[in-house]
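*Asks:* Generate the whole structure from the sequences, applying the supplied hints.
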Amino acid sequence: MLANRPRILSVGTANPPDRYTQEEVLAKYRMPNKMVRSLFKSGHIRTRHLMLPEPDEDGIPRETQTELLAKHRKGAMQMGTEAIHKALAALDLTTADIDYLAVISSTGFMLPGLTAMFIKHLGFRIDCSRVDIVGMGCNAGLNGLNPVAAWASANPGKNALMVCCETNSALYVYDEKIGNGVVNSLFGDGCAAVVVRADPMDERFFAPRILGFVSHIIPDTWDAMHYDWRESHGKYAFNLARDVPYVLGTHAETPVSKLLETFGLKKRQISHWLVHSGGKKVIDAIKYTVGITEHDVRHTVAILRDYGNLGSGSFLFSYERLLHEGKVRRGDYGVMMTMGPGSTVETALLRW
Amino acid sequence: MRPFETLDYSESGDVAEIVLNRPRMNMRMVRDLTAVCDHLEDQSECKVAVFRGHDGVFSEGIDFEEFRPDQGMDIHGFNKWEKLCVRIERLPKVTIAAIDGVVRGGGVQLALVCDARLATSQSTLQLDEVHQGFLPGMATYRLAKYIGLGNAKRLIMQCPIIDADEAAALGILDEVCDDIDVAVGATIAAFGPIHTVSVALARRLLNESFATPFEHAIGNFLAAQHRAITQSAFLETIAKAREPDE
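Chains as they are written, first to last, in our numbering: chain A, 113 to 464; chain B, 2 to 247.
Take these hints with a grain of salt, some might be off.
Restraint ranges, calculated between C-beta atoms of paired labels, are given here [as the list claims (entries may be wrong)]:
#1 B:F79 with A:R158: 28 to 38 Å
#2 B:H40 with A:F317: 36 to 46 Å
#3 A:K146 with B:Q159: 52 to 62 Å
Keep in mind the hints are simulated off the structure, nothing from the lab. Yeah, the Cβ is synthetic: ideal placement off N, Cα and C, and Gly gets one too.
*Replies:* Below, the structure written as structure tokens:
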């Protein structure tokens, strides 16, 4: 049974070239609100890769919704190309070897979507199956990995590629309000790609099998995180409710317990935790509700510090760091966990 | 549960009792204690775990019988011991070390990971490892939190035998008593009502307190407090407080 489960064979990540410290973003624009400035200086995030516009003479950046959408497209094209090539090069594959392409994004709406754009520009075959998962937010990497794993299981030996592509700076709205300060000080741009394949006989790779998923949605908090049209700005804007990190934390225990129970495991048997770098508070909440340690969230905290919240691909940046650390052993279990709007906690169980 | 070679395990009401039945700790005892932790975490409904010794000895520390100098030394067993100590330190139970007699070395280390330490007045304590050429485990980390750096240096580097009264004055022991069973009963009563979630969260924050900078600790506290106030114990407290007076 286990041998048939699909495996994550490689991972590639990319970010836009421009990297800013929080102080540099503050210096670039006029941001007089002291509360907003203190958010930037809180210290949990040091640097982020962003695609930032030059401000007008009054220190205020002005981007229309049209310009933001163009940024989403450009960011996806640049970062997507790099992340996809890194993930494929690790396996000596090319885009022509990919049979199923899934692209996850919440930073802009396009029709045709990003899968069609990647196929047009990057040399994927025209009979490559594809799916675009749009608008599911930070948790969407696992909402995407679930059908990708299912497709891979149903098509043994064939290559599935999942790309989480988030140009979060294409969501930015500038004003002096604290709400936008939270958003603008938190999110960064990044893209992560993984190759998933089920090939029971092939033991060349030391790669984790995806054993299963458990989802959890909290309908009472469906509007705690939402992205919708802001008439006053003439563009879309993202809103985060104040208590949402702790509420997510409170609920995170439920799907984790269910996931472990399904496979007859105890928490102490999980060696690796790959938690979405949503923000300092939600990481703290998960430590004390799921009952995991600072060490368990070391990559989650480090990715937040170095990149900010990268949306759907964040947990894959942590996954990449875990692999580079070189401490994973055959037989180890890992839990992937992402949180986002809905409000949602998504979990997956891995075994190396 | 199967019987253990190195300890006796029993449960009575809310209380689990672990009696170390050999004076020195060997790898068998480390494995048995680890199995006890599994049971306490996975199955036991008990809210309290009491560790005891027997025949006037809580524990005399590590057993050198198993060491084979001709085969070289390795750190593996010490690592297993430290992992066990962390397991006990984080058990979802109130843990009590009930000392009646001699406690040395690893026995003191075990007592330091418990939530409360009680001893009879004739008991003596000693961390004797440094005089024997090795180290008293992570007592090197924990002891100074209880008694300050200067006192910890004296006890760990000079290895004095101290009596129960001195240990209590330093802050290692919570209480010195004549009858250990009476003291254990009173301590369990004092912990009650035991809300396992708030007990575990409070203990974790306290254990993290010396090592975590304030700006991280406050975030940890808020996350833990949010968890506590959404549990039934606190909601019941609120409901009771809001009841109209009789």
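*Asks:* With reference to the structure, classify each hint as holding or not holding.
*Replies:* Evaluation of the provided hints:
1. B:F79 with A:R158: 28 to 38 Å: Holds, at about 37 Å.
2. B:H40 with A:F317: 36 to 46 Å: Holds, at about 38 Å.
3. A:K146 with B:Q159: 52 to 62 Å: holds (54 Å)
In this structure, every one of the numbered hints holds.
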